[in-house]
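Engineer: Given next are the chains, with one letter for each unit.
2 protein chains.
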Amino acid sequence: MKTVRAVQYGVGPIGAELVKYCLKKRGIEFVGAADIDPNKIGKDLGEAAGVEKIGVPITNDSKKLLTKTKPDIVLHSTGSYLEAVKSQLLEIMKSGADIVSTCEELSYPFLKSPAIAKALDRAARRNKVTLLGTGVNPGFVMDTLVLTSTGVCQEVKSIKVRRIQDASYRRLPFQKKIGAGLTPDEFRAKVAEGTIKHVGFPESIAMIASGLGWKLDKIEERIEPKLAEKSVASQYLKVEAGQVAGVDQTASGIVNGEDAIALNLQAYLGCPDPRESIIIDGRPPIDLTIKGGVHGDLATAAVVVNSIPRVLTSDPGLKTMKDLPVPSGWFAEVHNFLH
Amino acid sequence: MKTVRAVQYGVGPIGAELVKYCLKKRGIEFVGAADIDPNKIGKDLGEAAGVEKIGVPITNDSKKLLTKTKPDIVLHSTGSYLEAVKSQLLEIMKSGADIVSTCEELSYPFLKSPAIAKALDRAARRNKVTLLGTGVNPGFVMDTLVLTSTGVCQEVKSIKVRRIQDASYRRLPFQKKIGAGLTPDEFRAKVAEGTIKHVGFPESIAMIASGLGWKLDKIEERIEPKLAEKSVASQYLKVEAGQVAGVDQTASGIVNGEDAIALNLQAYLGCPDPRESIIIDGRPPIDLTIKGGVHGDLATAAVVVNSIPRVLTSDPGLKTMKDLPVPSGWFAEVHNFLH
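As given, the protein sequences belong to chains C and R, one line each in that order.
Take the position in the first sequence, starting the count at 1, then add 6; the result is the number in my numbering.
Take the position in the second sequence, starting the count at 1, then add 6; the result is the number in my numbering.
Bound conformation, chain C alone (with noise of 0.2 Å):
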C-alpha cells in the first residue's frame, strides 16, 4: 500500500500540535511544510514543532513545494478567517490535494461566505479534491456533538450549548487573550477592536440549523467580561476582584424573537466546574454534559489529524463535518480506514 502524503501548510502553535498527533499515525508521512515566518524558513518541520527531527525542511515557497511534492493531503493552520486563507486553499486544491484546515470560517461558510464558499467548492469538484475546515470549536462540541446528539429527538423546540472552561492552567497567550487581568474598560476596548473574540460561533449556529432544516431570523454575538468575584490567580497572572478573569461570550440564533440555539462560551481563570453542556429541549429531552471539558488543543489536533480517512474517501467538494461520516478516533494503519 501507499503511503498518505501529507504537507503542513502553517507551522504556528496549532500546526505544531496537529504535526505531533499526525507523526504518531501509521500509513502517513510529511513530504513537505510550509510557513511564511522567517524564524522557521529552513527549519526542519519535527523541530518547529517540538519534537525530534524528521528531515523535512518548512518553506515559504508553498507553490513549489505543492507542485514538487504533489501530496495526497494538506494539513492547513493559518488563521482564521476565509479572506485572508482563501487564496492559500486555491492554491493547495490546484496540486490536486485534499485539505483539512483549522479555519474557523471554513467550518461552515455558507452563511456568512456565500460567494468564496461557492466559488471554493467549484475549485474543489474541478480539481476532484475534498476540502474540510474543523476542528475542536468549531466543528466538534458546539456543532457536530450538538446535531449527533439531536439524532435521538422527535422534537427539538430550542438548544443552549454552554463551554466553560478553566483558563487557569493555560498559557500565557492565551490568558492575555481572554483578557485575564484587565480592567473592565480596558475588556471593552479589546473587544471593540476585535482582538478579545472567538471566531466560530455563526458558523456552528449556521451547521446547527442547517442539519435541523431550521430557518434563523438572524445570528446576535455579544461579549462579556466575567469578572472575578474573589481575588485568582494564575502561574501568570493575578487578577483582582473586580477586574476581568476572562471572557463569556454569547451567540444566539433567533427565530421569532426567541433563542432558537444558544451557543455560550465562558473562559476564565478560577473557573469552578469546567464542562461542556449541551441541552436540548425537546422530545425526548436531552441533557449532555463532558465533565471537566475537552481539552482544547489536544482536541483540535484530533479532530483534524481523525477527519483524514473521511476526507481522503470522500466525494469532491467543500464539505462540513455534518456532510462525513460519524467523526471517529482511529488507531491503526491508516490504509484500513481508506476503502
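No lab work stands behind these hints, which were simulated from the structure alone.
Just to be clear, a hint being listed does not mean it is correct.
To be verified - Each computed DSBU-like pair below joins lysine-lysine, with the alpha-carbon atoms no more than 30 Å apart:
id, chain 1, residue 1, chain 2, residue 2
1, C, LYS297, R, LYS31
2, R, LYS49, R, LYS70
3, C, LYS124, R, LYS328
4, C, LYS26, R, LYS328
5, C, LYS26, R, LYS59
6, C, LYS100, C, LYS74
7, C, LYS26, C, LYS49
8, R, LYS224, R, LYS166
9, C, LYS76, C, LYS49
10, C, LYS297, R, LYS328
11, R, LYS26, R, LYS59
12, R, LYS166, C, LYS31
13, R, LYS59, C, LYS328
14, R, LYS31, C, LYS221
15, C, LYS166, R, LYS328
16, C, LYS183, C, LYS166
17, C, LYS221, C, LYS328
18, C, LYS166, C, LYS182
Please read these numbers as outputs of a predicted model, since none were measured by experiment.
Fit chain R to the known structure of chain C by using the hints.
Structural biologist: Relative to the frame of chain C, chain R by itself:
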C-alpha cells in the same frame, strides 16, 4: 418534488412508534404496511399504531404489496435476529426499496454473521439499494455516540459505557422482560432460556472496535439480576428486598485479558440516578453523561426515521451508522435533506 413513499413492515410496538413519528414528517407518505398478525391484517395502519386512520390497510402479503407499491423506503421492525429476518430483507431489497430496520443484529452484522452480512450487502448492491440497521441501542448511545466522542481523542486506552435506566415508569411488558419481581433463581432460569437478554452488545462492541481499528481477542457477555436492596414498587409490580428489581447486563471486548470496551446496561425498578455514561480513558480523557438517560421508545423511533434521508442518499450496500453522515434530527420537508 415527488413524495417519499414508505412501507411499514412489522406493526408491533416498535413499528407503531415508527409510524407515529413518521406520520409527522413532511414529504413522506405511507403507501402500505405488512404484518403477519391475524389481528392486524386488514386494519388501518394509523389505527393500529394508535393514531388516526390514514387509509392504509395492513396486509400479510408483503410480496404483492412491495411489487405493487414499489416504495422508496421500508421501515422494517419484525425481529432482533438476522437469521429470522434475512429473507424479509432480501424480499424488500428485490423490490428496489431502501431499508431502515430495527433488527438489532443488523446494526453491525460483520462479526457474528459475516456470511449473512455478505449476502445482504451483495443483494443491496445488486438492487442498488441501501440497508441500515439502527435504533437507540444498538445504533446510538452505546456505539455511534461513543465513536463520535473518540473523535476528539489522540489516544484511547479503554472505553466504559453505562446505560442506567429506571424501569419504574415503563410498561408492564418491559418490567417483566427485565425480570422485575422474580426470585434470583427464576431470573437465572430465564437468562438460561434466553428470554432475559438485551440483544446488540456484541454488535455495538464490534462497531466501536472497527471504527477505532482495534482487533479484539474476544467478546464476553454476562447477565446478572439487580436485586432490590429495599422493597420497591411500580404501578404494576411490587418487589421485596432481595428479589429481582431488574437486569444488570455487561459485555466486554477484551484485548490481552483486559476490558478494552465494556458496556453495562442496568434497568431496574427504583433506580435512583438514571443516566447514560461514556468514560473514555484517553488523551484527552472524556467523561460524558446524559442525565436522566435517553427515552428508549421515543429515541428508537427518532433514530430510525431521522436516518431516512441519509439512507436515501447513500451509496448502495449494507451500511452501519458509522458509515453514514453524522446523525441528526431534521425538521423541514424531507426533500431539503435529499441533495
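Engineer: Within 30 Å, alpha carbon to alpha carbon, are LYS26(C) and LYS49(C)?
Structural biologist: Holds, because 16 Å separates the two Cα atoms, which is no more than 30 Å.
Engineer: Is LYS221(C) close enough to LYS328(C), meaning Cα to Cα at most 30 Å?
Structural biologist: Within the cut-off at roughly 17 Å; holds.
Engineer: Verify the proposed pairing of LYS100(C) with LYS74(C), using a straight-line Cα cut of 30 Å.
Structural biologist: Judged against 30 Å, a Cα distance of about 13 Å means the pair holds.
Engineer: For the pair we were handed, LYS297(C) and LYS31(R), check the Cα-Cα distance against 30 Å.
Structural biologist: violated (35 Å)
Engineer: Does the structure keep LYS166(R) and LYS31(C) at a Cα separation of 30 Å or less?
Structural biologist: holds (24 Å)
Engineer: Hint check: LYS49(R) vs LYS70(R), CA-CA at most 30 Å. Holds or violated?
Structural biologist: Holds, at about 17 Å.
Engineer: LYS26(C) and LYS328(R): Cα distance at most 30 Å?
Structural biologist: holds (27 Å)
Engineer: Going straight from one Cα to the other, do LYS59(R) and LYS328(C) come out at no more than 30 Å?
Structural biologist: Violated, at roughly 36 Å.
Engineer: Holds or violated: LYS166(C) with LYS328(R), Cα cutoff 30 Å?
Structural biologist: holds (26 Å)
Engineer: Holds or violated: LYS76(C) with LYS49(C), Cα cutoff 30 Å?
Structural biologist: With Cα atoms ~21 Å apart, LYS76(C) and LYS49(C) stay inside 30 Å; holds.
Engineer: Take a quick look at whether LYS26(C) and LYS59(R) sit within 30 Å of each other, Cα to Cα.
Structural biologist: Cα-Cα ~61 Å, so violated.
Engineer: Taking 30 Å as the top limit, are the C-alpha atoms of LYS26(R) and LYS59(R) close enough?
Structural biologist: holds (11 Å)
Checked against the numbered hints given earlier, this structure breaks hints 1, 5, 13; the rest are met.
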